[in-house]
Amino acid sequence: MAECVRVDSSTSTHTMDKSITLPPDEIFRNLENAKRFAIDIGGSLTKLAYYSTVQHKVAKVRSFEHNTKEAASDKLYEISVQEEVTARLHFIKFENAYIETCLDFIKDHLVNTETKVIKATGGGAHKFKELIERKLGLKVDKEDEMTCLIKGCNFVLRNIPHEAFVYAKHADSEFRFQTTHPDIFPYLLVNIGSGVSIVKVESEDKFERIGGSSIGGGTFWGLGALLTKTKRFDELLQLASKGQHTSVDMLVKDIYGGSYGSLGLTGDLIASSFGKSATADKEFSKEDMAKSLLHMISNDIGQLACLYAKLHNLSRVYFGGFFIRGHPVTMHTITYSINFFTKGEVQALFLRHEGYLGAIGAFLKGAEEDNPNQYSWGENYAGSSGLMSVSPDMNPMQRARSGTFDMLEMDRLERQLVNLPLLQDPSSYIPDTVDLTEDALAREYWLYCFEEALDGVVKRAVASQPDIPEATERAEKFRQKYRHKLQTLRHQPFAYGSLTVRSLLDTREHCLNEFNFPDPYSKIKQRENDVALKYYQKAVKSLEELSWEQRQFALVRGVLAGNLTPSVPCEQRPWLVDSYDQWLERLKGPPHKCALFFVDNSGVDIILGVMPFVRELLSRGTEVVLASNSGPALNDVTNGELQILTERIAAMDPVIQAGLREDRLTLVQSGSSSPCLDLSRLDKVLAMVVRERQTDLVIIEGMGRAIHTNYYAMLSCESLKMAVIKNSWLADRLGGKLFSVVFKYEVPAGKPSQDSAALTPS
Amino acid sequence: MLLSSTVDSTSTHTMDKSITLPPDEIFRNLENAKRFAIDIGGSLTKLAYYSTVQHKVAKVRSFDVLFVSVSQEAASDKLYEISVQEEVTARLHFIKFENAYIETCLDFIKDHLVNTETKVIKATGGGAHKFKELIERKLGLKVDKEDEMTCLIKGCNFVLRNIPHEAFVYAKHADSEFRFQTTHPDIFPYLLVNIGSGVSIVKVESEDKFERIGGSSIGGGTFWGLGALLTKTKRFDELLQLASKGQHTSVDMLVKDIYGGSYGSLGLTGDLIASSFGKSATADKEFSKEDMAKSLLHMISNDIGQLACLYAKLHNLSRVYFGGFFIRGHPVTMHTITYSINFFTKGEVQALFLRHEGYLGAIGAFLKGAEEDNPNQYSWGENYAGSSGLMSVSPDMNPMQRARSGTFDMLEMDRLERQLVNLPLLQDPSSYIPDTVDLTEDALAREYWLYCFEEALDGVVKRAVASQPDIPEATERAEKFRQKYRHKLQTLRHQPL
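The listed protein sequences derive, respectively, from chains P and F. All you need for this note's numbering is the position in the first sequence, starting with 1, plus 44. All you need for this note's numbering is the position in the second sequence, starting with 1, plus 10.
Be aware that a few hints might be false.
Taking CB as the label site, the calculated pair distances span [as the list claims (entries may be wrong)]:
1) 324(F) / 415(P): 34 to 44 Å
2) 65(F) / 384(P): 15 to 25 Å
3) 279(P) / 117(F): 48 to 58 Å
4) 230(P) / 358(F): 19 to 29 Å
5) 312(P) / 324(F): 24 to 34 Å
6) 303(P) / 324(F): 24 to 34 Å
7) 358(F) / 415(P): 37 to 47 Å
8) 303(P) / 95(F): 50 to 60 Å
9) 117(F) / 303(P): 27 to 37 Å
10) 218(F) / 279(P): 45 to 55 Å
11) 384(P) / 147(F): 24 to 34 Å
12) 275(P) / 242(F): 17 to 27 Å
13) 492(P) / 324(F): 44 to 54 Å
Under the rule of at most 25 Å between Cα atoms (straight-line distance), these lysine-lysine pairs were calculated in the DSS-like manner [what the hints assert, rightly or not]:
14) 244(P) / 356(F)
15) 266(F) / 244(P)
16) 244(F) / 326(P)
17) 356(F) / 250(P)
18) 173(P) / 266(F)
19) 244(P) / 323(F)
20) 242(F) / 330(P)
21) 330(P) / 299(F)
22) 155(F) / 297(P)
23) 297(P) / 244(F)
24) 323(F) / 354(P)
Part of the chain P face toward chain F, derived, beta carbon under 10 Å [what the hints assert, rightly or not]:
25) 189
26) 261
27) 271
28) 313
29) 318
30) 322
FYI, nobody ran anything at the bench for these hints, they're computed from the structure. Even for Gly, the Cβ is constructed at its ideal location relative to N, Cα and C.
Could you build the full structure based on these sequences and the hints that come with them?
Now the structure itself:
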């Protein structure tokens, strides 16, 4: 059955003061411009969704006009901070007890909206219809519950990379997040509300309820209440987690004295749930009965799910509904049951934002004219609570802070993101090299690093806005927010999916943006670009004086050196990972058709490292596509900056100029604003160019893109990954030392190239 | 799970345990009993033995033509000679009684067992372990344990092959509750869903090949155990009786309780149970024992029904037999299981039940012990004279019958002299039904024919006596025949099945 929403139960309605004052900075953000509303009212939780626009400060670069005299300063380009409006989806979850307070709050803060209608779903939508219409003056428009649920599910599976996870109670990391499959269909959704609905989803608009069961969350709750006189769902689960089912259940060994070998039944298997209470004349403890009940229901649902999955040939089974939502106990029993019945063939998958599916779906129904599915969306880590933020078992500190409000914010990305067409196997591609959720030592180290570095980041943020007095205050707010996120991640590393260096970096960028520090490095980048540009011609000239073979080596060293602070000498060969000889051999062969080059830093790196390398490729007859970030991240060169730089270089270098003119050198943006690189979420235009140009070489440079991410990425064409390891811990991990060099040239297996030996670190 | 036998459930409280066993009626032909098997469940014992029976048979013989001239007497005007001879045939006896009687029965057997060379008794069922020592001491036979599931399947194959109207469909509201199935020449493959304490779902592919493909811990023991906790009623039968009087809608949350009506887009009608016991989660009220028992019964039956359907579909099986103590002789559970199967398969799969389901384990255990005699090579026929009918011991049904036979239920099977097969010329052996009118389904016809046979009884008795003019006690035997047959007719009037 679909009724997950009717009996949302997990958070308490007794312990909270119902007349709270809502903190406007933190929840219901950006209400002023809210355009479109949807609400999903369950038995005890309300989920509100709205679409709003957010004004952001963004740093823009603009070339000085050549013909104006004043512009002839020593600066290369002009930086301006502009206001930009982006679209954001807000989802808030709160207890039904607050609904009136929340509606009042919304009414008061809703400034300019032309919205007349609010989409509603969930069992409670009916009950609160009148209240909503009266308070908000909006017409309540009911949407089908299951349709909303499925729509929401499709949306999160497509747009949130680490949405789905496997639960493993006794593993080092309880939550193992799944990488997004490019194709999410078909899948099975098992929604455990009062009852159970088993739904096969075949495409965006096609789904079918293929089965269900009346033995669901309501049965656990109802029978549990009758047996234990405990009326609250959470308390029942707590009882269950303390009980011993073996005192109530009849096990195989209770009947046969051991296992039943010929049938393959082990002695500990439950032969009959509650079998002992049929004849034993004794009292059973509440805990034991609750546990037996939990096992009985979870096993039953698990078996049904497996059978339907087999019958319909589906390998992905997602579980949701209030029985599951945020309850490690039920996730564990369901997982156990699925493993038992399928012998590991099917995995039980859970969703981070499962509680929001109905609200998301209802919202999408209402927003169909805006084609939300045409865009890519990204989770905003700054504005989203993590997984389990309101689970009573977990992290009471976090719970106290955020009240019982749980939030999800998603930014509409300017560009639609797709896979790099050159990924060998998109479905198994994992961008991140180390999963910090699974590696406690690595996690400790990196969380410590980011905390240590925080002061420096704050200083730089303040320094980037010297003329704005309140920058210090904002920087302080940023510090608090990011430190809090780090603390949360220390306790709940799984809060936002797999914890990785990339997610830590991205969270920092989101938080900086949140407090209007769109590009703290803009001035530094500008200065470094200025300086480096002055040496460009000299550098090119000295390279041309070298022999061919010397030059090839010098070019590589140039890229590596650009990755270094000038004072550090480049490591002597052999490097930590060293396939330079193979690369050199390859260069003696025919030129590549087209190289895709993911660039890294501003200044020396791009101008004196990358550009000469590009120049050599162009000279060899290879087309080059330079991919740079769409938005700022640290001192990485952005697409806007790179355009100006390239123009300037073209003005002094006929090779680059010819490349641009003949369209053999193309600049594209990656679609990313991260110091790392996710090859499964790249700008659609980039993917198109890569395909059109028949790209046969991918070059990735820098620690963020080639080490933290993509170190193990397998491509279907030749690839070159170059970086200097500027972190001693990481160097140690990879078996090297600080400033070790990684030069990884790989040729995919089965592609005969000149010399196809690809090296991996020894 | 299998375990039907551990929790057989008929009452052990109401009977006088020191009964005198009537030797004419039960444990017949013990004197020549050769081979024993026993299946001891949680409360019922099923005993099987093989014996030989001396029968009088009428033989005809042509007069020898060569003798005509020699013996004048033979040259009568009669075509052939009739003689009554003694013939020995093999018969299988199965008796079911409550565990409470086991000691009395063992003593009785010991006393009446005259000439047997048997050294071993095959045993199966959860109770076999418990009573092992007693049996060995009383009978002086070695108890040889056999695998429970193997016995169950062997027994099931045997009855499906040898008893024509073994399987039936249950339809509560039809004119006839029981619709018997004609025997398929090929009984394999089939699915056996054994609902004991737990549920075992077994796929049977051939005489010797079966596999437990699934199961569930939500079975008869769950109904009993949860029922006992919820209603403080400790007896299985009473729980079923409570259930049959209850209203599940006051405890269960229906689709219409949530959506105010049906949920059309998902194809769910308003009366469908959305959540078993869903109303007791939040409602602050007391629920009646009857209603809770009913809700529990629906919950368990529906769940088993759905699982059975899914396994049947997954393994492409259309014949699904249900057994185990949860089912055995209980119209209430047969009804809810049937309902559930119909709901989940939309009629594609029928729930089938077996008349002799309670004997399967004992039959199988016996067959295991008798393998050297190749019992499967022969055809066997149910002996109506020596067998109790379906539900003879069901407490709901026919209390008169129950009082008469105590709690003993019997099945006797005669080994037929010749192996019987289909006429090869039948167009479709699987749909062939020999009988023109099914009196179970046709109440008027049934009335008429039962009346006819009762009317004709006097004439038959007279003819029987007249056929043995020289034997003085023929009148007495004919009277016994009259009583027995009249009783059978009466039984059939009440239980046409």
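So, going through the hints one by one against the coordinates:
A C-beta distance of roughly 41 Å is found between residue 324(F) and residue 415(P), which places it inside the suggested range of 34 to 44 Å. Against the hinted window of 15 to 25 Å, the Cβ-Cβ separation of residue 65(F) and residue 384(P) comes to about 56 Å, which falls outside the hint. Evaluation of the 48 to 58 Å hint for residue 279(P) and residue 117(F) yields a pass: the beta carbon distance comes to about 56 Å. Checked against the given bound of 19 to 29 Å, the beta carbons of residue 230(P) and residue 358(F), roughly 24 Å apart, stay inside it.
At roughly 26 Å, the beta-carbon separation of residue 312(P) and residue 324(F) lies within the given 24 to 34 Å, and the hint holds. For residue 303(P) and residue 324(F), the Cβ-Cβ distance of about 25 Å falls inside the hinted range of 24 to 34 Å, so the restraint holds. For residue 358(F) and residue 415(P), the hinted distance range of 37 to 47 Å is satisfied, since their beta carbons lie about 43 Å from each other. With their beta carbons about 56 Å apart, residue 303(P) and residue 95(F) fall inside the hinted range of 50 to 60 Å.
For the pair residue 117(F) and residue 303(P), the beta carbons lie near 36 Å from each other, so the given range of 27 to 37 Å is met. Range check, residue 218(F) to residue 279(P): Cβ separation about 52 Å, and the 45 to 55 Å hint holds. Look at residue 384(P) against residue 147(F): about 43 Å separates their beta carbons, and that is not inside 24 to 34 Å. Against the hinted window of 17 to 27 Å, the Cβ-Cβ separation of residue 275(P) and residue 242(F) comes to about 21 Å, which satisfies the hint.
The supplied range of 44 to 54 Å is met by residue 492(P) and residue 324(F), whose beta-carbon atoms lie about 53 Å from each other. Taking the CA atoms of residue 244(P) and residue 356(F), the gap is about 19 Å. The hint holds against a cut of 25 Å. About 23 Å separates the Cα atoms of residue 266(F) and residue 244(P), which keeps this hinted pair within 25 Å; it holds. A C-alpha spacing of about 12 Å is found between residue 244(F) and residue 326(P), which places the hinted pair at or below 25 Å, so the restraint holds.
Between residue 356(F) and residue 250(P) the CA atoms are separated by roughly 23 Å; this keeps the pair inside 25 Å, and the hint holds. For the given pair, residue 173(P) sits about 19 Å from residue 266(F) by alpha-carbon distance, which is consistent with the 25 Å threshold. Of the pairs offered as hints, the one joining residue 244(P) and residue 323(F) holds, with about 17 Å between alpha carbons and a cut-off of 25 Å not exceeded. Taking the CA atoms of residue 242(F) and residue 330(P), the gap is near 16 Å; set against the 25 Å cutoff, the hint holds.
Between residue 330(P) and residue 299(F), the direct Cα distance comes to roughly 20 Å. Compliance with the 25 Å bound is thereby established for this hinted pair. Between residue 155(F) and residue 297(P) the alpha-carbon distance is near 17 Å, which keeps this suggested pair within the 25 Å criterion. The suggested pairing of residue 297(P) with residue 244(F) holds, with an alpha-carbon distance near 23 Å, which does not exceed 25 Å. With a C-alpha separation of about 11 Å, the suggested pair residue 323(F) and residue 354(P) falls inside the 25 Å cut-off, and the hint holds.
Taking 10 Å as the C-beta contact cut-off toward chain F, the hint placing residue 189(P) at the interface holds, the least distance being around 8 Å. Because the beta carbon of residue 261(P) sits about 8 Å from the nearest beta carbon in chain F, less than 10 Å, this interface hint is met. With a least beta-carbon distance of about 6 Å to chain F, the hint placing residue 271(P) at the interface is held under the 10 Å criterion. At about 8 Å, the closest approach between the beta carbon of residue 313(P) and any beta carbon in chain F falls short of 10 Å, and the interface hint on this residue holds.
Using the Cβ-Cβ criterion of 10 Å, the hint placing residue 318(P) at the interface with chain F is satisfied: the shortest such distance is roughly 3 Å. The beta carbon of residue 322(P) comes within 4 Å of a beta carbon in chain F, closer than 10 Å, and the hint placing it at the interface holds.
When each numbered hint is compared with the structure, violations occur for hints 2 and 11.
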